[in-house]
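2 protein chains.
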Amino acid sequence: MRFFDYSITATDPATSARRGTLHTPHGPVETPVFMPVGTRATVKGVTAPQLLDIGAQVVLANTYHLFLRPGHDLIAEAGGLHAFMNWDGAILTDSGGFQIFSLADTLSLDDDGVRFRSIVDGVWHSWTPEDNMAVQQALGADIAMVLDVCPPYPASEHEVAEAVRRSASWAARCKTAHHREDQALFGIVQGGLYPDLRAESVERTAEIGFPGYGIGGYSVGEPHDAMLESLEPVCAALPRERPRYLMGVGTPTSMLRAIGLGVDMFDCVLPTRTARTGTALSSNGRMNLKNARYARDFTPLDPSCSCPTCTGYTRAYLRHLVVMKEMLGSILISIHNLAFLLDLMSEARTAIEEGRYGAFLAEWMSGPGADDY
Amino acid sequence: MRFFDYSITATDPATSARRGTLHTPHGPVETPVFMPVGTRATVKGVTAPQLLDIGAQVVLANTYHLFLRPGHDLIAEAGGLHAFMNWDGAILTDSGGFQIFSLADTLSLDDDGVRFRSIVDGVWHSWTPEDNMAVQQALGADIAMVLDVCPPYPASEHEVAEAVRRSASWAARCKTAHHREDQALFGIVQGGLYPDLRAESVERTAEIGFPGYGIGGYSVGEPHDAMLESLEPVCAALPRERPRYLMGVGTPTSMLRAIGLGVDMFDCVLPTRTARTGTALSSNGRMNLKNARYARDFTPLDPSCSCPTCTGYTRAYLRHLVVMKEMLGSILISIHNLAFLLDLMSEARTAIEEGRYGAFLAEWMSGPGADDY
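Chains as they are written, first to last, in the working numbering: chain A, 1 to 373; chain B, 1 to 373.
Bound-form chain A, shown alone:
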């Protein structure tokens, strides 16, 4: 077994769901998988042993933020991201493209690369695809992503077409500039909601050839139904034997539907970000722990959950912590929210192995939580 080989061990008869294993230098990653987000080399409020305890296999870190502070050179000096953040599981870094292009007013772009102003000190930086590969190789995650062009939302067909072509050209340059053998470089499919451009992007990116493919360019503002409709032909056209990573998507319903279309990997800040506002995820939907109805509710957050938060604490205690703005509230709800999504992926994997993913998905979609995500 070579690093970054992807073995598909089961497929679902009724959907396009796949059960697979991606082999990384930091252990196997069982897919479908949810990746907790550790923007600045820390999953906010959660320690590495706590992440392991709830079954996290791979975490995501943001190249843009780490490039600015503390700097990729410092992290390389520390022995890379794994050593720096004391996480011995797998790590994926994004390219930072998404963050740069979200700040489009402080940006200049041409075929060679992109110039952007630091949100920290206003200093201008310039990144060619080659520069970006140097940064991500210094960070040393198990999986790096190509630098792509993310057009602003809403974008015209012309703008998206230009982004698709420029992204493909940059992807080829990234592949040439990427040398680390203990790190996989994934391509990224763009194309927004334009079917022809999605098809073109898949073709151009797959032609270059990568051990895995990110699917980007679905903006946060877009309705999930439109995204899922557009996603189906993308998955169908991508090489079957490579993992597919739907970037930035992590609500339970969208993940389960995307798995049914053949997606293998997800990430999202939802579980930790909502936790810090006192909101818990459960199979019955979102729960706002600030609500007075929980004040004397001495039952677990989610009675069907076996995470440390649900086995150790009551809704009444969590509400007390949230109302008092105690750090432990954010910590315990973050742990539960992550565990909830990790468990959901584990259930999905089992359903695929047992050839009943279609039924599992249908049950979730008619369940009490579906409308709430």
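These aren't lab readings, by the way, just hints derived from the structure by calculation. Hints should not be assumed to be uniformly reliable.
To be verified - Among the chain A residues that face chain B by a calculated CB cut under 7 Å, a handful are:
(1) K44
(2) P70
(3) F298
(4) Y313
(5) L328
What the hints assert, rightly or not - Simulated pairs of lysine-lysine, BS3-like, Cα-Cα distance not exceeding 27 Å:
(6) B:K44 x B:K290
(7) B:K325 x A:K325
(8) B:K44 x A:K290
(9) B:K44 x A:K325
(10) B:K290 x A:K325
(11) A:K44 x B:K290
(12) B:K325 x A:K290
(13) A:K290 x A:K44
(14) B:K325 x A:K44
(15) B:K44 x A:K44
Just so you know, even glycine gets a beta-carbon here, dropped at the ideal spot from N, CA and C.
Following the hints, put chain B in place on chain A, whose structure we already have.
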């Protein structure tokens, strides 16, 4: 062995240090002991398993804060503090007197009790000693403290004398009102820096008879040397066979010197409060992790410490977290700071067992950290 029996298992030949065991319904407490502070039924940022992992035996919770929110009745309904906060070790609650009397402008006091305004909503509450016992018995800690009168600082001899006499009268009423057999009620010695009043307070309180004695009334503003000078005759006069708890003191140097005078128990917010500002405690003194000198320092916080923070992370990573205001920075430094004080107490216990506490104390006092605490 009955609950709250205190066995002294070793004494030091050169000092008055004692090594003991206090038997509580939630396990033995080995003394000298440092008690992490969990003001609102949570040691800020640290989970119960993390506290156990670093050797915490007993945590303190604040009756004043819990009385106001979420309320002692709610906590009783939850099954008491242990169940509410998911901590199966021992717990001590203070009476809340210290907090009430710190807010002296919103206070009225007579022989019967004290009226005070809530810091939450401005509502007036009144506490007699009997009321306070009802609250602490509802909270259900292993150790409760009598309601005492804490004069403001600086206080005249007359004010302190009045506080001593009123505290003694309230202590007797607390004892009468206290019924829980699974909870010990400790008396409190007052008297400020007035030797005669300290002596009177010891005599009056010991006459009532308690299974343990708090030593209060050393204000935060007082110099530690004056406190330690005043403490010596207090310890000498207290019943030998009962544990002595120096309330609110927890700097390394003061604890070690007080142990040499015969003190057994301590609590302080120092380790967690300083952690949240990015300051770590070590045998070399305080370390401000914001300092740029740590930016590329890839050594552990305290190379001689075996806590999860020091074995897993570098100063450079902790600095990154602190500078980025990441929650994990507060969490990891809190864990280390608590572990540092818990380990210091463990070393003190071993030194007493081995009859070399005098040398241990002298070594600390001439060491690099002594001047910094």
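Closest C-beta approach of P70 of chain A to chain B relative to 7 Å, hint status
It holds, given that the least Cβ distance between P70 of chain A and chain B is near 5 Å, below 7 Å.
K44 of chain B paired with K44 of chain A [C-alpha distance capped at 27 Å]:
The hint holds at about 15 Å.
Would the stated hint for F298 of chain A survive a check requiring a Cβ distance to chain B of less than 7 Å?
Hint holds; F298 of chain A Cβ to chain B Cβ min 6 Å, cut 7 Å.
Can you confirm whether the C-alpha distance between K44 of chain B and K290 of chain A stays at or below 27 Å?
19 Å, holds
Within a Cα-Cα threshold of 27 Å, do K290 of chain A and K44 of chain A meet the stated pairing?
20 Å, holds
Would the hint on L328 of chain A stand, with a C-beta cut-off of 7 Å toward chain B?
Holds. Min distance 4 Å.
Quick one, are K44 of chain B and K290 of chain B close enough, alpha carbons at most 27 Å?
20 Å, holds
Should the hint that K44 of chain A touches chain B count as held when the rule is a Cβ pair under 7 Å?
This hint holds: K44 of chain A lies near chain B, its Cβ roughly 6 Å from the closest one there, short of 7 Å.
A closest beta-carbon separation below 7 Å is what the hint needs, so does Y313 of chain A meet it against chain B?
Since the shortest Cβ distance to chain B is 5 Å, the answer is holds.
Take the C-alpha atoms of K44 of chain B and K325 of chain A, compute the straight-line distance between them, and say whether it is at most 27 Å.
Holds - the C-alpha atoms of K325 of chain A and K44 of chain B are around 10 Å apart, at most 27 Å.
Given the proposed pairing of K325 of chain B with K290 of chain A, does the C-alpha separation stay at or below 27 Å?
24 Å, holds
Hint check: K325 of chain B vs K44 of chain A, CA-CA at most 27 Å. Holds or violated?
Measuring from Cα to Cα gives roughly 10 Å; hence the hint holds.
Going through the hint list in order, the structure satisfies each hint without exception.
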